[in-house]
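Asker: Here are the chains, one letter per residue:
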Amino acid sequence: MSDPLHKDQDLRADDGPIEESQKTSETPLLNVSELRSGYGPIEVLKGISLHVNAGEIVTVIGANGAGKTTTLMTVSGCVKIRGGDITFDGRSLTGIPAHEIVKLGMAQSPEGRKIFPRLTVLENLQMGAFTVRDQVRVREDIEKAYHYFPILKDRQKQLGGTLSGGEQQMLAIARALMIRPKLLLLDEPSLGLAPMIVLKIFEVIRELNREGMSVLLVEQNARLALKIANRGYVMETGSITATAPAQELLNDPRIQAAYLGE
Amino acid sequence: MSSGVLRKLAGLLVLALVITYPLIPGLNDKIESMLGKKIGDSFPTIFIYGILALALNVVVGYTGLLHLGIAAFFGIGAFTTGILTVGQYPFQFGFLPVLVVSTMAAALLGGILCVPTLRLRGDYLALVTLGFGLITVTALRNLQEITGGMQTLNPIPPPKIPEILRCPLESLGLTMSWTEDYRLFYYLTLGYLLLVFVFLRNLEHSRLGRAWVALREDELAATCMGLNAARLKLLAFTLAAGLAGMAGSLYATKMTNTTEPTRFDFQLSCTILSCLILGGLGNRTGVLLGVFLVAGYDFLFAPAADAWLQRNDMNPNDKGYLKFSMWNLMIFGLALVLMMRFRSSGLLPKRRGTTTGKGA
Chain A
1 MSDPLHKDQD
11 LRADDGPIEE
21 SQKTSETPLL
31 NVSELRSGYG
41 PIEVLKGISL
51 HVNAGEIVTV
61 IGANGAGKTT
71 TLMTVSGCVK
81 IRGGDITFDG
91 RSLTGIPAHE
101 IVKLGMAQSP
111 EGRKIFPRLT
121 VLENLQMGAF
131 TVRDQVRVRE
141 DIEKAYHYFP
151 ILKDRQKQLG
161 GTLSGGEQQM
171 LAIARALMIR
181 PKLLLLDEPS
191 LGLAPMIVLK
201 IFEVIRELNR
211 EGMSVLLVEQ
221 NARLALKIAN
231 RGYVMETGSI
241 TATAPAQELL
251 NDPRIQAAYL
261 GE
Chain B
1001 MSSGVLRKLA
1011 GLLVLALVIT
1021 YPLIPGLNDK
1031 IESMLGKKIG
1041 DSFPTIFIYG
1051 ILALALNVVV
1061 GYTGLLHLGI
1071 AAFFGIGAFT
1081 TGILTVGQYP
1091 FQFGFLPVLV
1101 VSTMAAALLG
1111 GILCVPTLRL
1121 RGDYLALVTL
1131 GFGLITVTAL
1141 RNLQEITGGM
1151 QTLNPIPPPK
1161 IPEILRCPLE
1171 SLGLTMSWTE
1181 DYRLFYYLTL
1191 GYLLLVFVFL
1201 RNLEHSRLGR
1211 AWVALREDEL
1221 AATCMGLNAA
1231 RLKLLAFTLA
1241 AGLAGMAGSL
1251 YATKMTNTTE
1261 PTRFDFQLSC
1271 TILSCLILGG
1281 LGNRTGVLLG
1291 VFLVAGYDFL
1301 FAPAADAWLQ
1311 RNDMNPNDKG
1321 YLKFSMWNLM
1331 IFGLALVLMM
1341 RFRSSGLLPK
1351 RRGTTTGKGA
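So the sequences go chain by chain: A and B.
Residue numbering for the first sequence follows our numbering, starting at 1 and increasing by one per position.
Residue numbering for the second sequence follows our numbering, starting at 1001 and increasing by one per position.
Where hints are given, some of them may not hold.
To be verified - Pairwise CB distance ranges, derived in the manner of DEER restraints:
| no. | chain 1 | residue 1 | chain 2 | residue 2 | range |
| --- | --- | --- | --- | --- | --- |
| 1 | B | TRP1327 | A | GLY95 | 56 to 62 Å |
| 2 | B | THR1175 | A | LYS103 | 57 to 63 Å |
| 3 | A | PRO97 | B | GLY1111 | 50 to 56 Å |
| 4 | A | ARG137 | B | LEU1108 | 33 to 39 Å |
| 5 | A | ARG137 | B | LEU1012 | 46 to 52 Å |
Said to hold, decoys possible - Simulated coverage check for chain A against chain B, where a stretch passes if three residues somewhere in it have a Cβ under 8 Å from a Cβ of chain B:
| no. | segment |
| --- | --- |
| 6 | 109-120 |
| 7 | 126-138 |
Unchecked claim - Example chain A residues on the side facing chain B (calculated, C-beta under 10 Å, incomplete):
| no. | residue |
| --- | --- |
| 8 | GLU56 |
| 9 | SER76 |
| 10 | GLY161 |
| 11 | ALA172 |
Hints listed in this document are in silico derivations from the structure and should not be mistaken for laboratory results.
Every value quoted in this text rests on a predicted model; they were computed, and no experiment measured them.
All residues carry an ideal CB built from backbone N, CA and C; glycine is no exception.
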C-alpha cells in the first residue's frame, strides 16, 4: 500500500503493525462527531463529539443518566446511530452491525460485567475469541489473560456465575482482550467492587495501555479514572460540557466540587 | 467427580441393556405374555420420539428460544417420505435418499420460517411457531390431492436390507421380515437415535454449541463478542427442523404410511416439550429419560395396565375413565406442575463446570 501520507511516519511510536492511515495525528483511532442516539422516543445523546487517539486512555465522566453507557453502546454498535457519525480506524461505523464491529478490532466490556454465568471461566474466554479462527493464538491469549489475572487460572473450570464480583469484572475484561483489540471500551469497571480490587483492575488497565492498547473508559469513580487517563470528557444530560487533559480536570475546582466530592 | 463417573456408568449400562434386550431369547415374549400386550413394536416409536425431542432440544435447550411447532416439521418429514415412496407418485426412491431429502425439505422450511421471525423475541416467536404448526396440519389435511389428506399416503415400503448385512443379522437370530420381526425397526431407529445423540454431543462441545449457550445466557454480551445472533438462531432452527424431518421420515417408514395429518398437531409438540422439561432442558440424557417416561407411559405402561384391568374384570364396560391411557394428559400435566415446584431444572439437570471447586 503506497500512501502519500507515508512521509508523516515519525509522529507516534506504536508497537505492532498498524494501518498507514493511523499514523497521522489528524486521524484519531476513534472519532465521534455530532453523535445522536437513544432508545425509542427518547433521545439520550444530543450530538456529542469526542475522539480517542491511538495509545491514549480517554475517560468519560458524569452523573447517572448523563449518557455515558449509551455512548459506549452506540460506539460498539449495540445501539443504533441516529445522527452524526463514528469512524473507527478510518472506517465509518454507520450501519455496521455490532458483531461486525468486533472484527474491526474494537472490544467492549459492558456495564454490569455481563459474563456468561453458566459457562465456565475458560469457556467465557473462548467465547471472547469467537471471531478468532487461529486456535494457537487463542491458547496464547488465554495464557496471557491468566498472566494479567492469575485468579482466573485457578477458577478456569468454575462457572462464571459462581465468581465474586471482582473476579467477574476481571473475567469480563480478560474476555474482551481475547480479540487483541486496538480499542477497548470499558464501562464502569469499578462498579460495586472493593477498593483493593478496583486498584488492581486499574493497574491492569494501565499496563495494557503501556503495551499500546487504546482505552475508552466510562466511570463514575471520576478521581480514579482521571488519574490513569490522558484526557477526559465531562458529560451532562446527553452533551459534552467540558474536555481537557485529565490532570487539568482533576485540578479544576468546578469538577472537584461536582464530581470529586471536594 | 465420582458422581460424574457414576452417571457415565449408568448411561453405558442402560445403553448395553437397550442394545441386548431384543437379543435375549424369549425375554420380550415373556414380558409380552406377562403384560398381555405386544410391546416390542412400540420401542421404535419411542426411539423416534427420542430423535424428535433431541431436535427440539437444539432450539429450546441450547438457544433458550421457545418452539411450539416441532410436530409440524415431523409431519413434513413424514409426508415428504410418503410423496417420494408411494405408488401414485412417479418417484419411489429408496430408503436412504428419501431420508436425506425429507431431512433437507424440513430443514429448508424451518429456515424459511425462521428468516422473517428472527427479529421476534420470547413469546412472539413462540406464537409464530405455534401458528406455523397449526397451519401445517391444516394444509396437510386439506391438500388432499397431494397429501392424501386423512386417507394418508400408503403403503410406504420398508427399507431394503443390504446383502452384506443379511448374514450377520440372520446369525443373531433375526428374521428378514419387517412386519414379522419388530427387531429390525428396533435396531434401525435405535441406530439413528444414537447417531443423532453422538452428533449433538460433539456439536455441544464445538464453537457453535458454545455460541448457542452464550446467546441464551446473554444476547447483548454475546453480540459484543462478535456473535451474529440472527445467523446462530437461524442455524439452530434449521438444524432442529431437519432432525425433526428425519424423525418424521423414520416414523412414516415404520408406520408404513404417513398417518393422519392430525397426528402432527399441537398436542404432539406439547408432549415433546414436556419430555424436555421433565427430563432436563439442554441435557441430552435427561431429554431421553423424559421421552422414555412420557412415551413409556403412553405406549408401554398404559396399554398394559388397561389390558390387565380388562383381564381381571375390573373394567367390564370398557369405561373411558377407568382406562390409564385416557388419563395421560392429566398425569403429564400434574407431573409438570410437581416438577416446577420441586425440581424445576428437570430430573437430570444440565451441569457444566464445577461450582465451588469442591468438585460437586
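Asker: Against this structure, judge whether each hint is valid.
Answerer: Consistency of the hints with the structure:
1. B:TRP1327 to A:GLY95: 56 to 62 Å: For GLY95 of chain A against TRP1327 of chain B, whose Cβ atoms are near 58 Å apart, the range 56 to 62 Å holds.
2. B:THR1175 to A:LYS103: 57 to 63 Å: holds (59 Å)
3. A:PRO97 to B:GLY1111: 50 to 56 Å: violated (20 Å)
4. A:ARG137 to B:LEU1108: 33 to 39 Å: Holds - the Cβ-Cβ distance for ARG137 of chain A and LEU1108 of chain B, about 36 Å, lies within 33 to 39 Å.
5. A:ARG137 to B:LEU1012: 46 to 52 Å: violated (37 Å)
6. 109-120: Per the Cβ count (8), the hint holds.
7. 126-138: Three-residue rule met by the segment 126-138 of chain A, so holds; n is 5.
8. GLU56: violated (22 Å)
9. SER76: holds (6 Å)
10. GLY161: Status holds, d = 9 Å.
11. ALA172: Where the cut-off is 10 Å and the nearest Cβ of chain B is about 8 Å from ALA172 of chain A, the hint holds.
Of the numbered hints stated above, those contradicted by the structure are hints 3, 5 and 8, listed in ascending order.
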